[in-house]
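Undergrad: As a plain string of letters, each chain reads:
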Amino acid sequence: MDNQYADTFKEEAYELLTELENSLLELEDRPDDPELISRVFRAMHTIKGSGAMFGFDDIAAFTHQVETAFDQVRTGKLTVSRKMINLTLAARDQIKAMLDGAGKEGAVDAALTAQLIAGFKELLNEEQAAAPPAETAMPQPSPSGPPPVEDPVTFRIRFRPARNIFANGTNPVALLNELRQLGDCRIVAQMCDVPLLVELDPESCYIFWDVILTTTSGLDAIKDVFIFVEDDCEISIDTIDGGGNVDDEAYKKLGEILVERGDMAVEDIEAVLANQKRLGEMLVEKGMAAPSQIHSALLEQQQVKEVRQERRQKEERARAQEAGASIRVPAEKLDVLVNLVGELVTIQARMTQTAVGREDAELINIAEEVERLTAEMRDNVLNIRMLPIGTTFNKFKRLVRDLSGELGKEIEMATDGAETELDKTVIERLNDPMVHLIRNCIDHGIEKPEVREAAGKPRQGTVRLAAVHSGDRVLLTIEDDGAGLDREAILAKAVEKGMVAPSAELPDQEIYNLIFAPGFSTASKVTSVSGRGVGMDVVKRAIDALRGSIAINCRPGLGTVISIRIPLTMAIIESLLVQIGADRFLIPLSLVDECIELTRADVAASHGRNMATVRGHLVPYIPLRQKFSIAGTVPDIEQVVITEVNGTRVGFVVDRVIGEHQTVIKSLGRAFKNVEGMSGATILGDGSVALILDIPQLVRSVEEGDYLALSNEQSTLKKMI
Amino acid sequence: MGKVIMTADDSASIRQMVSFTLKQSGYEVLQAVDGRDALQQLGSRKVDMLITDLNMPNLDGIGLIKGARALPACKFIPIIMLTTESQDTKKQEGKAAGATGWIVKPFKPEQLLAVVKKVLG
Amino acid sequence: MSVPAITETTQYLTFKLGEEVFALDVAKVREILDFTTVTKVPQTPDYMRGVINLRGSVVPVLDLRLKFGMSATEKTVNTCVIVVEMVVEEEAMVLGVLADSVQEVIDLEPEQIEPAPRIGTTINTEFIMGMGKHNELFLIILDMDRVFSEGEKEAIVKTEREAVVNE
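Residue numbers (the numbering used here), protein chains in the order written: chain A, 26 to 746; chain W, 763 to 883; chain E, 1471 to 1637.
One chain only, chain A, in its complex shape (with noise of 0.2 Å):
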């Protein structure tokens, strides 16, 4: 800061100086000249001033002497002497002298500088009056930077500002708001002082307030907000809750609370208390207390009570961590437990469906009532193993910080949704891709500083990680502001490696993701068989391993984002079970938004079109049993479950739907790695295998088959031309 002010202080000094040196010998010959006096004074105050400012702390130190001189002068206290212009006239030229060897050692004579400093002393003390009053030193207001964090104390504050606050432009609101950066504040306004309209004068204060403030920050910090105003209003702060009695959560009553504020005499609470109605209501009846007092006090009781609830609530975990209440547990063992959860679940499926066959009531009962507990231990157990991304996320700070630094890029990474939570596994899974990913961008996705400028972006570069729960999943993105891809370079290593016909005309989405496609990695010899390697193949790997997604685009210039995809967890959902032909099938409830019926009539109706209204909107649906290859008959009635993906509403035409169904998610395993639409398995309460439907996928495949049917149409129709 004192660098970028210096030269204007450094020029306006040396123009100050110059009229001095005017002034003094102007002053000369006019020694009672006030004006004179003033601008000599001035002068020396304002270098005196901005000097201190800027980082001229010597000239400052030096001008004080000067200035305070003059200031007896200006005062009447001192007179004017030949003796105090030649001084004066020999200090100028030593600041001048500070001035020009500013920065320099041993520019300046230090031993003139403490002789001018003696002869001004001198001058002081032989026109001596009475000495200067010793000044108090005036508060500065400070910044309120952070203090040392101390146990949460609460106070009760009754701020009332002087009547005529206004006309020095005070603001009560302003401080008041400055109050609640302090911690967690009720305010409550007493207006018992508000006088009738008629007599209300706009510009005068009439309201005081009452605060009750749990704050870690202290009593100063309060008594700081009120600095400027401390001397016309009055103030009061009393500690009511010190942070030491944790034992009784029960606090003052309501009128001892009214009593210590000065709001009701003893007297008058003990006359109300005779009578057995509660004490706030009965002042207020008898027009005793006003309804905001009370409220006021009850605000107090209330917040001071919750701050000693929490309190013994956390002295209790601490108390509990250091007993050791919390364990450490192998993941293997977790696992464990999962999968017994799971047979559990699946039994006991099983157990209700066989309940009610036999429809005996009191055994569907129970049934239902193990049904209630098994969920509940189940979300506890699948709970055990969720942790926030958070922490992931973190570590990925470093990695940018050095990998950026290395390579000579300035890049920032920005997180959203820290607080996401995963389980375990899937995290720990997740740390690879998403290195490789990171990597990525900062190697390739983000210039160099250079070539941002030259391109009109900021020099540094922003790595955004962002996780948010999207229905059963948990949608990951790494987003950059770099480059983005180099779309004809993709094309052509995959038009090299055979993948794509030269010809082929894809759209830059597929393009994108074609960096994903087996075998389109170039780093190093992957070899078909291990597969080991680096190379973005390897993340998708992972990601289908965790029976994810992942997808690629860009905007040429502007930045990439990779979408990443993950079932929130890899044993157990809740799913709605429906039919087709003699085939069940799962739909993750979360995703299902409503079913509706779908009638032959309907079907006509929409002409192939495979649209339904809804409340009067299009809903497209997909017709599963077509899309299946289910053999049988379709019935006359089906059924379209509607679900919402991402925003999108799209339907599933099912022959009927079953019910609610828990679901122990099984893998499909390898052999079907290639397939879609399948999420997974699960085996019912009759011990047949149900397929869990992979609705994002089913959803994305009819978009592009509706694409390549397109194509194709279109190609059909060039070759028939």
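Quick caveat, the hints were computed from the structure, so don't treat them as lab data.
Hints are supplied without guarantee of correctness; some may be wrong.
[Said to hold, decoys possible] Once the Cα atoms are required to be at most 20 Å apart in a straight line, the calculated SDA-like pairs of lysine to any residue come out as:
(1) Lys-1510/E / Ser-654/A
(2) Lys-1510/E / Gly-710/A
(3) Lys-879/W / Ala-607/A
(4) Lys-857/W / Phe-251/A
(5) Lys-857/W / Ala-199/A
(6) Lys-837/W / Ala-199/A
(7) Lys-857/W / Ile-252/A
(8) Lys-330/A / Pro-177/A
(9) Lys-698/A / Met-1556/E
(10) Lys-358/A / Asn-405/A
(11) Lys-852/W / Asp-256/A
(12) Lys-108/A / Gly-126/A
(13) Lys-1510/E / Leu-137/A
(14) Lys-808/W / Gly-860/W
(15) Lys-1545/E / Asn-405/A
(16) Lys-1498/E / Met-1556/E
(17) Lys-473/A / Arg-634/A
Model the placement of chains W and E on the given structure of chain A, informed by the hints.
TA: Quick look at chains W and E alone, frame taken from chain A:
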């Protein structure tokens, strides 16, 4: 709409520093070289806050504060005076004239911003 | 003339697909089940008949007849599911294969095994580890690892071909 703050000071370097610091935080800044200049500008332009030095030629800080308070548009705006440590008596004078608060010179940019936030809200 | 890869006397499980007799290294066979129901997984090749519930695990079932170009396996009282375990790319894989009937477990010495003929079978010789002679009958010793890996690769090639076809 951003808030408009006027700084009145005969020292160009102080004006520059105050102006720059406030502008960086999104405020619009008007500069006046002394009390008279300030009052003249205040006659035609509404400001949300005034920061004034106490020692200025033509019309000093106290005079400016009194004059500003007499203008209807400035009657209730926060006015902060810039003082040096040895002017405790000036503090009283300033308050009597209608100043809202003060900042002691020398001050750092953060201190300036903290006071502005405090009184402007 | 023996097959270089086969160096020891090994036990094999023999089974029939149609009229042909096949053999599998017993070490790879986990168990044999009756063929009751199988749940078809939509959008999979015909030879992937579906999945079954094997004591809580979901196990895929291959129709070898279809894989070898014959007609689909029909469900009869003799039809079985042979559950085999293989190692593919360092991962253990369990899957079932349909057999019209299961015969017996026999011993074959390396001398009794010959390399697969280039011609004369309708089956892709990649899958064949060798031809065994037993009691005057020739049986085809299957290399299950290859059978499956081929399937995988085929699937990949299939999707790629689809991508290319749509120009």
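Undergrad: Sort out whether Asn-405/A lies within 20 Å of Lys-1545/E, counting only the CA atoms.
TA: Since the Cα atoms of Lys-1545/E and Asn-405/A sit roughly 44 Å apart, the hinted pair is violated (cutoff 20 Å).
Undergrad: Holds or violated: Lys-358/A and Asn-405/A, Cα atoms, limit 20 Å.
TA: Answer holds: Lys-358/A to Asn-405/A is near 15 Å, not above 20 Å.
Undergrad: What's the verdict on Lys-808/W and Gly-860/W, does the C-alpha distance respect the 20 Å limit or exceed it?
TA: holds, 18 Å
Undergrad: Are the Cα atoms of Lys-330/A and Pro-177/A separated by 20 Å or less?
TA: holds, 13 Å
Undergrad: When you check the alpha-carbon spacing of Lys-698/A and Met-1556/E, does it fall within 20 Å?
TA: With Cα atoms ~16 Å apart, Lys-698/A and Met-1556/E stay inside 20 Å; holds.
Undergrad: Within a Cα-Cα threshold of 20 Å, do Lys-852/W and Asp-256/A meet the stated pairing?
TA: holds, 15 Å
Undergrad: Straight-line Cα separation of Lys-857/W and Ile-252/A no greater than 20 Å?
TA: holds, 13 Å
Undergrad: Compare the distance between the alpha carbons of Lys-857/W and Ala-199/A with 20 Å, and conclude whether the hinted pair is satisfied.
TA: Since the Cα atoms of Lys-857/W and Ala-199/A sit roughly 19 Å apart, the hinted pair holds (cutoff 20 Å).
Undergrad: Holds or violated: Lys-108/A with Gly-126/A, Cα cutoff 20 Å?
TA: violated, 27 Å
Undergrad: Does Lys-1510/E pair with Leu-137/A here, judged by a C-alpha cut-off of 20 Å?
TA: Violated, at about 103 Å.
Undergrad: Compare the distance between the alpha carbons of Lys-879/W and Ala-607/A with 20 Å, and conclude whether the hinted pair is satisfied.
TA: violated, 71 Å
Undergrad: Would the pair Lys-1510/E and Ser-654/A pass a check requiring their Cα atoms to be no farther apart than 20 Å?
TA: Distance ~10 Å between Lys-1510/E and Ser-654/A Cα, so the pair holds.
Violation of the numbered hints given earlier is confined to hints 3, 12, 13, 15 and 17; the remaining hints are satisfied by the structure.
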